[in-house]
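So the sequence lines, in the order shown, correspond to chains A and B.
Counted from 1, the first sequence has number 38 at position 38 by the working numbering; the numbering is strictly sequential.
Just add 1000 to wherever you are in the second sequence, counting from 1, and you've got the working numbering.
These are calculated hints, taken from the structure and not from any lab test.
Please read these numbers as outputs of a predicted model, since none were measured by experiment.
Among the clues, some could well be false.
[Stated by the list, open to error] The following residues of chain A were derived to be distant from chain B, with all beta-carbon distances above 10 angstroms: (1) Ala34; (2) Leu45; (3) Ala98.
[As the list claims (entries may be wrong)] Derived list of chain A stretches under chain B, where covered just means 3 residues or more per stretch with a C-beta under 8 angstroms from a C-beta of chain B: (4) 4-17; (5) 69-78; (6) 88-97.
Ideal Cβ placement from N, Cα and C applies to all residues, glycine included.
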Amino acid sequence: MLIAILVLAAGTFLIRLSGPLLRERISLSAHAEAVLKAGATVVLLALVATSAIVVDGAWAGWALPAGVLVGGVLAWRRAPLALVVVAAAATTALLRLAGID
Amino acid sequence: MPPAFKHLDRALLRDIAALAAGIFIVGLSFGAIASAQGVPWWQSTAMSVFVFAGASQFATMGIMTAGGGLVAGVAAGLILNLRHVPYGMAVGGVYWTSLRAKIIGTHLLTDQSTAFALAAGDDARKARHTYWTVAISLFLVWNAGTVIGAFAGQLIADPAVLGLDAALPAILLALVMPSLKDRRTLAAGLLGTAVALAASFLLPAGLPVLLALVGLVVMWKGAAPKEEAA
C-alpha cells in the first residue's frame, strides 16, 4: 500500500503540474484563453453528468441523477450553494429511503 | 498580505463553507472505509495529504485492498486524475506566481478549486483569492475528515445514505453554470457530455471526461476571426 501511495502521489503531482507547464508553452491569445477555460468547463460538466448517471460502468439508478437535477435547478434559480447541497442530498437520500434507487 | 479569505464576500464564503462541509463528510467516509479494509490510519492519512484527490484515493485503495494489485490500483487512480491536465491549463495562471505558490497551488488543484476559480470570472484578483481559500479549506477538512474517520469509522453514516454522492456533482454543476451562459461553451459542453456519457459505459472512469474535450471543436469552427488574426 505504501508504494501505491507514493507512486499515486508523485504521478498525480506530475499530472497536476503538466497543465500549467503546457499553458506556459502556448502563447495565449484571448481566444486560446477562452478555449482553455471552456475546456475545463466542458470536463467539469461531463464529470457531473457521468458521475450522476453512470456508476461502475452501469446505470446509476434514479435517485442519484434526480438529486443532482434538483440541485441543478436550484442553482439555475440562483439559490445559495448550501441550499443546493442540502436539496440535492435530501432528494437522493429520501428517494433511497423510499426504496427508489 | 492578509489571508485570502478576507477579500471574499460573505455569500461566497458561505458557498465555500457548504462545499467544505460536504468534503469533510466524504473525508470521514474515506478514513472509515480505509480502516474497515484494514488500512492503518497513518497510511490513509498519508494518502489524503500527499495525493489529495478523493476519487482516485477511493479507487486505488479499493482495488489494492480487494487484492487487485499495485499496477491496476495505481493505474486506475492516475487515469482518474488525468482530468487535472485541462484544469491546470485553464486555471494554472491563478497560482503561477512565486515558486512556493506554484508548488502548493499545483498540489491543491481539484475539481472544486478549479470550478470556484472559473466561477470567479475574469476578475483575476477575485479568482486568486477564491482559489486559495477553497484549496486550503478543502485540504484542511479533507485531511481532518480522513483522520477522524479512520478512528471513529463505525460511528459514521454511509455517504450514499446521506445522498452526498448527489451533492458533490450538484455543487460542480452550480459552479459551472455561469460559464455555460456563453453559447459556444454551452454547445461544447453539451456535445462533450454526450460523448463522455456514451464512452462511460465502455471506458475506465477518468477517460470519458477527457473525451468530452472533443466538444471544443465547436469553438474552433465558430472562432471569432478578429481574435484569431490578432
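Structure-based check of all given hints:
Some Cβ of chain B comes within 10 angstroms of the Cβ of Ala34(A); the nearest lies about 8 angstroms off, and the non-interface call is violated. A beta-carbon of chain B is positioned within 10 angstroms of the beta-carbon of Leu45(A); the least distance is around 4 angstroms. Every CB of chain B lies more than 10 angstroms from the CB of Ala98(A), the least distance being 12 angstroms, so the non-interface label holds. Check on the region 4-17 of chain A: 12 of its residues sit with their Cβ under 8 angstroms from a Cβ of chain B, so the three-residue criterion for coverage holds.
For the region 69-78 of chain A, the stated coverage by chain B holds: 6 residues have a C-beta nearer than 8 angstroms to a C-beta of that chain, and at least 3 were required. Look at the region 88-97 of chain A against chain B: 8 of its residues bring a Cβ nearer than 8 angstroms to a Cβ of that chain, three or more, so the hint holds.
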